[in-house]
Amino acid sequence: MELHELTIHELHQKLKKREVSSVEATKAVLARIEQVEPHVNAFITVTTDEALKSAEEADKRIAAGEIDTLTGIPVALKDIFLTRGIRTTCGSRILENFVAPYDATSWARLKEHGAVLVGKLNQDEFAMGSSCESSAFGVTRNPWNLECTPGGSSGGSAAAIAARQATATLGTDTGGSIRQPASHCGCVGLKPTYGRVSRYGVIAYASSLDQVGPVTRDVTDCAVLLGAVAGYDPLDSTSVNLPVPDYTKSLVSDVKGVKVGLPKEYYIAGLDPDVKAVMESAIATYSKLGAEFVEISLPHTDYAVATYYLVATAEASSNLARYDGVRFGHRSSAAKSLIEMFAKSRAEGFGPEVKRRIMLGTYALSSGYYDAYYLKAQKVRTLIMQDFLTAFENVDVILTPVAPTPAFRIGEKVNDPLQMYLSDIFTIPVNLAGTCGISVPAGFSTGGLPIGLQLIGRPFGEETILRAAYAFEQATEWHRQKAKI
Amino acid sequence: MKYQAVIGLEVHVQLLTNTKIFCGCSTKFGATPNSQTCPVCLGMPGALPVLNKKVVEYAIRAGLATNCGIAPKSVFARKNYFYPDLPKGYQISQYELPICLSGHLDIEVDGDVKRIGITRIHMEEDAGKLVHADVPGAGDASCVDLNRACTPLLEIVSEPDIRSADEAVAYLKKLHQIVVYLGICDGNMEEGSFRCDANVSVMPVGSDTFGTRTETKNVNSFRFVKQAIEYEIERQIDLIEEGGKVIQETRLFDPNTGVTRSMRGKEEAHDYRYFPDPDLVPLVISNDWVEDVRLSLPELPEAKFRRYQDELGLTAYDAEVLTADRLLARYFESCVALAPQQVKTVANWVMGEVARKLNDEGKGIADCPVTPQLLNALLKLMEAGTISGKIAKTVFDEMWSTGKEPAAIVEEKGLVQVSDTGEIERIIDEVMAANQGQVNEFRSGKEKVFGFFVGQVMRASKGKANPALVNEILLKKLRG
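Listed in order, the protein sequences are those of chains V and F. Just so you know, the numbering used here puts 317 at position 322 of the first sequence, and the rest follows in order with no gaps. Just so you know, the numbering used here puts 161 at position 142 of the second sequence, and the rest follows in order with no gaps.
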């Protein structure tokens, strides 16, 4: 197998045995990027020089016997993570020339392990979107079918894994932005519990929902990468000071007696037949493995999307106020007054979806509407959280589809924002509840597009969903399928 | 018609913490522009605030000292508006759930004590500063200095209980004294460490419905507060008398002209779209913490004022003067500790000579070159009769400029008091011989000339003669 096709744990073994060097692996990945990037467009910036330099340093560390699982591993980051000295755009024209002055905590942690950054990945602008189509740097194409979107917003993170352009990647998930593209691209993607991973240095979309998580080739890599980035960060007041378990210890292929909840609100009549078939087969697999099924109800599911589009946009309207052309980012050259400088810089710098969400959020927070929208949404959010906590009194994990359909075609939903918003219907409640969820490859559509399943866990129950995901992966071959590109 | 003013004050107090409220940058005043900044206070993408614990402690101190309740749970909120000196496009403040609620201060105006309610105290970050002129190389552009951005402030909001400019000033002075006493603010009004917005309205006397109020922004001295409020009351009354209506607006006081002018009306008022800041978790304050802070509070001016009267036996006037400044009070108390039997003398010296010299030289008590130990040594020399009170003042001035021990000064300058009765008699005899006319006047009943003789004798002794002995012997000799 070629070097760029290896998982973290496979490449680690080779590095450890000195069968290959990090420079060799990194060069292989960079060559792969060069080869497929014209078709996929997963990257906004490829950091060739920096990558080779860090790979050399990693090799020195390895030579000195200082190797851990991530040393010398070529990784790529969604362009939402600040990377010191490297351009960080967040998929937006307004940050087109923004060079980050400091490192995001997640990236700093990976760096400490000796990981090698090969580039910054495409995404929906400011993580607002479900298809990567709102990026200012062109759409990313799904390696399984170049006519389709990879999903979003971490579309670049998932596409790069599917096209083998990085050994592992990090994404962020505010309403499904890791899990949905992972499902659409046949990768493993995990959204940790809110507070599990630091948000410091991650460009904020919706602060109370954003979480950093891994997008990887398999569940083992997911456990490794999560373990490296998780943990309390004094720079993020919302990060939680709980010890980080060794997630690789959860990789036990045994779900006997595990109680799996099937929420009736997620298995609805309108579900895409391919998705339905994949879910039925997944349930059959788990049954064979000895899991027990319980039908549960998450009664407020219907309100999740509406609630999300109030809470997330309200926070975004405030989070994005700092892009005013004063200190960094795009400043309009056409402005003749202060107000014009603000207005034109923003008008020129932000794309239509970002503007739409800023306006929605501004409205939801406005005097006279706050109670009816923002406050009401927060109350519904509490009810949604309660739904999950109640359900978890009786089950260990909840099994659901990730998205109602497989990857959709580029352009199919761009003029219908509501349709686009509904593609996150099964992932959004997990963010609102603040708990964790993982997307695992579980089959294919009749058209050959990957379809994932979602396992939802209790708050800080990452070990449980990793174990259930690992058991499924060991029992199936879906994760071994390869996009033909 | 007679009108009654109704006034409420919002005071911004800049806290004396070493670092900013949400990052580790220094709060020191006067540094090179933008040298005290980091990703957090610059509002860089991805940066997150982390609350400075000291700020919370200072807020609790202020709350306890103004009789507020400390909220077991309070929440930071974002106040959203665009301005170049506001890096994030929002200010982190507190809105619905502030840290302190429902306090009060008692003020005294013309001998009447009045209670002014305090609605709330909340914590917030300051904005940066725009510099519009004199920036080399900037041409006619405005520059932004973000050193002040994220500096911790308390906003202390009073109830509309104040009824005159004098009451407003009394309230502000009291509040100013307290925050300085607490050590949480340097009280420097010129640098903006203590600044005030005044909400003013008028209504007919006897009415219980408040009139429409205006808010006058950023008034930076007690005198300006008085001027601004008096101007605003008069302006509003005139307006109503002329058949006009006060409109709700924000006004700005111009210290050069003493008038307020409209800054923006209600229609132009911002909709700040406050909402809880999702980057900061709710602030939970335990009762233990509050009690710890309570125990660490210094004695406040009011308690000190009472103690100086009840325990030290000072007059209300003396007690007030000595407690006005915490450092002055501390100086006084150090002196009293050295000379517990001479409280009144110590008080007179501190309020007299010490205050006079400080005032002459424009110094604060912290810069007083005469330590309590030196002052005490001087009082001891007086008490022992080594020097007279008059000589003591000379010695004091010498101590002030040289910092020398008083005994050394007395020795060096030969200022030891003459208590040798023979020597004093000799001087008196000389003076009487030289002024026979006045002796006769005295003896014929014009006893007023006695003072003249005392003066002459003291002068002849170069001030060193023991005044009590001079009086006694002189009287005896004059009466023959």
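Quick caveat, the hints were computed from the structure, so don't treat them as lab data. The reader is advised that the hints may include incorrect statements.
Unchecked claim - Think about it this way: if two alpha-carbon atoms lie no more than 30 Å apart in a straight line, the pair counts; the simulated DSSO-like pairs of lysine-lysine are:
| id | chain 1 | residue 1 | chain 2 | residue 2 |
| --- | --- | --- | --- | --- |
| 1 | F | 98 | V | 339 |
| 2 | V | 371 | F | 92 |
| 3 | F | 264 | F | 21 |
| 4 | F | 236 | V | 331 |
| 5 | F | 98 | V | 374 |
| 6 | V | 350 | F | 98 |
| 7 | F | 92 | V | 374 |
| 8 | F | 192 | F | 382 |
| 9 | V | 350 | V | 374 |
| 10 | F | 148 | V | 331 |
| 11 | F | 399 | F | 382 |
| 12 | V | 371 | F | 98 |
| 13 | F | 323 | F | 73 |
| 14 | F | 47 | F | 382 |
| 15 | F | 21 | F | 73 |
| 16 | V | 339 | F | 423 |
| 17 | V | 331 | F | 21 |
| 18 | F | 92 | F | 21 |
Results for each hint:
{"no.": "1", "hint": "98/F / 339/V", "in the structure": "holds (23 Å)"}
{"no.": "2", "hint": "371/V / 92/F", "in the structure": "holds (21 Å)"}
{"no.": "3", "hint": "264/F / 21/F", "in the structure": "holds (16 Å)"}
{"no.": "4", "hint": "236/F / 331/V", "in the structure": "holds (28 Å)"}
{"no.": "5", "hint": "98/F / 374/V", "in the structure": "holds (21 Å)"}
{"no.": "6", "hint": "350/V / 98/F", "in the structure": "holds (20 Å)"}
{"no.": "7", "hint": "92/F / 374/V", "in the structure": "holds (19 Å)"}
{"no.": "8", "hint": "192/F / 382/F", "in the structure": "holds (20 Å)"}
{"no.": "9", "hint": "350/V / 374/V", "in the structure": "holds (26 Å)"}
{"no.": "10", "hint": "148/F / 331/V", "in the structure": "holds (21 Å)"}
{"no.": "11", "hint": "399/F / 382/F", "in the structure": "holds (26 Å)"}
{"no.": "12", "hint": "371/V / 98/F", "in the structure": "holds (20 Å)"}
{"no.": "13", "hint": "323/F / 73/F", "in the structure": "holds (26 Å)"}
{"no.": "14", "hint": "47/F / 382/F", "in the structure": "holds (22 Å)"}
{"no.": "15", "hint": "21/F / 73/F", "in the structure": "violated (48 Å)"}
{"no.": "16", "hint": "339/V / 423/F", "in the structure": "violated (70 Å)"}
{"no.": "17", "hint": "331/V / 21/F", "in the structure": "violated (50 Å)"}
{"no.": "18", "hint": "92/F / 21/F", "in the structure": "violated (45 Å)"}
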